[in-house]
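K.L.:
Following the hints, put chain S with the ligand in place on chain E, whose structure we already have.
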Amino acid sequence: MSTETQDDGLEYNFAYLDEQTKRMIRRALLKAVAVPGYQVPFAGREMPMPYGWGTGGIQVTASILEPDDVLKVIDQGADDTTNAVSIRKFFQRVAGVATTEKTEGATLIQTRHRIPEMPLHEGQILVYQVPIPEPLRFLEPRETETRKMHALEEYGLMHVKLYEDIARHGHIATTYAYPVKVNDRYIMDPSPTPKFDNPKMNRCAALQLFGAGREKRIYAVPPYTDVVSLDFEDHPFEIQAWDNPCSLCGETNSFLDEVIMDDQGTRMFVCSDTDHCTTRQQQGYQGPGQEAAE
Amino acid sequence: MSLTDLAPGFADPVRDAAVSFRTILDAMARPGDVKSLPVTAPVPAPFNAAAICVALSLLDPDTPYWLAPDLRNDRIIGHFSFHTGAPFEADIHKAQFAFFPVADLARVMKDLSIGTDEYPDRSATAIALVPGFDSAGGVRLAGPGIETTCDFAPGGMTTDAWNALERNAMLFPLGVDTIFAGPDSLAAIPRSTRLTQLEA
Ligand SMILES: [Zn+2]
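Chains E and S supply the protein sequences, listed in that same order.
Take the first sequence: its position 85, counting from 1, is numbered 85 in this note's numbering, and each next residue is one higher.
Take the second sequence: its position 166, counting from 1, is numbered 1166 in this note's numbering, and each next residue is one higher.
Derived EDC-like pairs (lysine to aspartate or glutamate); straight-line CA-CA distance at most 16 Å:
{"id": "1", "chain 1": "S", "residue 1": "LYS1035", "chain 2": "E", "residue 2": "GLU122"}
{"id": "2", "chain 1": "E", "residue 1": "LYS89", "chain 2": "E", "residue 2": "ASP69"}
{"id": "3", "chain 1": "E", "residue 1": "LYS102", "chain 2": "E", "residue 2": "ASP69"}
{"id": "4", "chain 1": "S", "residue 1": "LYS1094", "chain 2": "S", "residue 2": "ASP1062"}
{"id": "5", "chain 1": "E", "residue 1": "LYS89", "chain 2": "E", "residue 2": "GLU101"}
{"id": "6", "chain 1": "E", "residue 1": "LYS148", "chain 2": "S", "residue 2": "ASP1117"}
{"id": "7", "chain 1": "S", "residue 1": "LYS1035", "chain 2": "S", "residue 2": "ASP1134"}
{"id": "8", "chain 1": "E", "residue 1": "LYS148", "chain 2": "S", "residue 2": "GLU1118"}
{"id": "9", "chain 1": "E", "residue 1": "LYS161", "chain 2": "E", "residue 2": "ASP231"}
Here are the simulated distance ranges between beta carbons:
{"id": "10", "chain 1": "S", "residue 1": "LEU1006", "chain 2": "E", "residue 2": "HIS121", "range": "41 to 47 Å"}
{"id": "11", "chain 1": "S", "residue 1": "ASN1163", "chain 2": "E", "residue 2": "LYS148", "range": "28 to 34 Å"}
{"id": "12", "chain 1": "S", "residue 1": "ASP1074", "chain 2": "E", "residue 2": "VAL228", "range": "48 to 54 Å"}
{"id": "13", "chain 1": "E", "residue 1": "ARG142", "chain 2": "S", "residue 2": "ASN1163", "range": "38 to 44 Å"}
{"id": "14", "chain 1": "E", "residue 1": "THR144", "chain 2": "S", "residue 2": "ASP1074", "range": "42 to 48 Å"}
{"id": "15", "chain 1": "S", "residue 1": "PRO1061", "chain 2": "E", "residue 2": "GLU145", "range": "29 to 35 Å"}
{"id": "16", "chain 1": "S", "residue 1": "GLU1199", "chain 2": "E", "residue 2": "GLN20", "range": "45 to 51 Å"}
{"id": "17", "chain 1": "S", "residue 1": "GLU1199", "chain 2": "E", "residue 2": "LYS89", "range": "53 to 59 Å"}
{"id": "18", "chain 1": "E", "residue 1": "PRO141", "chain 2": "S", "residue 2": "LEU1198", "range": "46 to 52 Å"}
{"id": "19", "chain 1": "S", "residue 1": "GLN1197", "chain 2": "E", "residue 2": "LYS148", "range": "32 to 38 Å"}
{"id": "20", "chain 1": "E", "residue 1": "VAL228", "chain 2": "S", "residue 2": "PHE1082", "range": "47 to 53 Å"}
{"id": "21", "chain 1": "E", "residue 1": "ARG168", "chain 2": "S", "residue 2": "ASP1091", "range": "54 to 60 Å"}
Okay, the calculated bits of chain E under chain S, using three or more residues with CB under 8 Å as the criterion:
{"id": "22", "segment": "25-36"}
{"id": "23", "segment": "61-69"}
{"id": "24", "segment": "145-156"}
No lab work stands behind these hints, which were simulated from the structure alone.
For each residue, glycine too, the CB sits at the ideal point set by N, CA and C.
Isolated chain E (complex conformation) (with noise of 0.2 Å):
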């Protein structure tokens, strides 16, 4: 099974990567897991990719996946994007693995923004796809310096521009993106995850990766290991809360979504963590609905 010959004809190396880069990107993530939070150079080739999909998640995707994984992609927290239906399709053409939409069944997530409601076990992966690998890159453009940084341990700026946040909002104002430091030794960009999923790193029982395409980085955060959202003692760490439960499935404590069900735009929150939801439905589980959540 070293090439898939397809319907159309067409043979491609399994999981599509040549094997050349495969063992570059696994030589990285190996050094990654063994220094967590620390980015990882890697020299990934250019892949011709669609737009939003993600060549740093795809390219570590392709890199672990073996044929007996079964895969799940979401796209914020959905699985039934356009993006994350492609992504699938793609794994499932190029590699022949199976697919599902099950976060309890899959080995192997890649995301975009989210992190599953339900927790990660132990046999499983999370690979993050991620556009701005580099945490302390808005403070200081330059990759020699932030490299010095990250070195030095120096990371004052960091908690100078989350201070100057409260000063200006009365509170931290980050919400995608927040800060973490990891193992107590590296600050960390969580890719664009909303910080609600921020305690979900945190000593997480499956391992969780995560690939930058176009700044070629490669970072790792092994099982169990401390992932602690930057704060300060007077302005503690908080995730975003909601007023309602979720209109469909009543669950109080995920991420809500606001979708426009009408032309009237009426509105209503509901999980973004599409498997979450229509999991707790199929248990049984009712929201108010629609006009409750008004």
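P.N.:
For chain S with the ligand alone, coordinates are given in the frame of chain E:
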């Protein structure tokens, strides 16, 4: 030596490298957890099956590797050259991968690259060939990848060898990552793991 002396590599190179790598990744992500090899490839003496799996899945022309004198022979160098294209490196300081019998561990660790402050990834990976994983004594491991603690006792480790790994852990985030390669399984201790020696 001639081409006819060469043993085959992986039977299905792409698939076998993929499943071998997942085992190595899993081992690195869960220090001290002993993983069975998912595939085996022919093993030229005096290597063992796990060390061959590591070599065939990770080496290529970009990765100079070093062999301890006891493992160094034309057959091995020819085998790696043919199946991976990796160059043998006589200077241990320049090696990205170093293969050695576990008895050499304390000595070898002193010479391996530990990376730099700005590029801790530019460090060597050590592959220690061990007879097995059910020895007495050993160490208690803690740190990333380990929920509470994990007891780990590969064969052939001495106090000196454990001391060398303890010193290595103190260099974090610099340091060497070690893969323990056995006859049918492997395990790893990355630099992030903290060790406490147990009474034998
Ligand atoms: Zn819901």
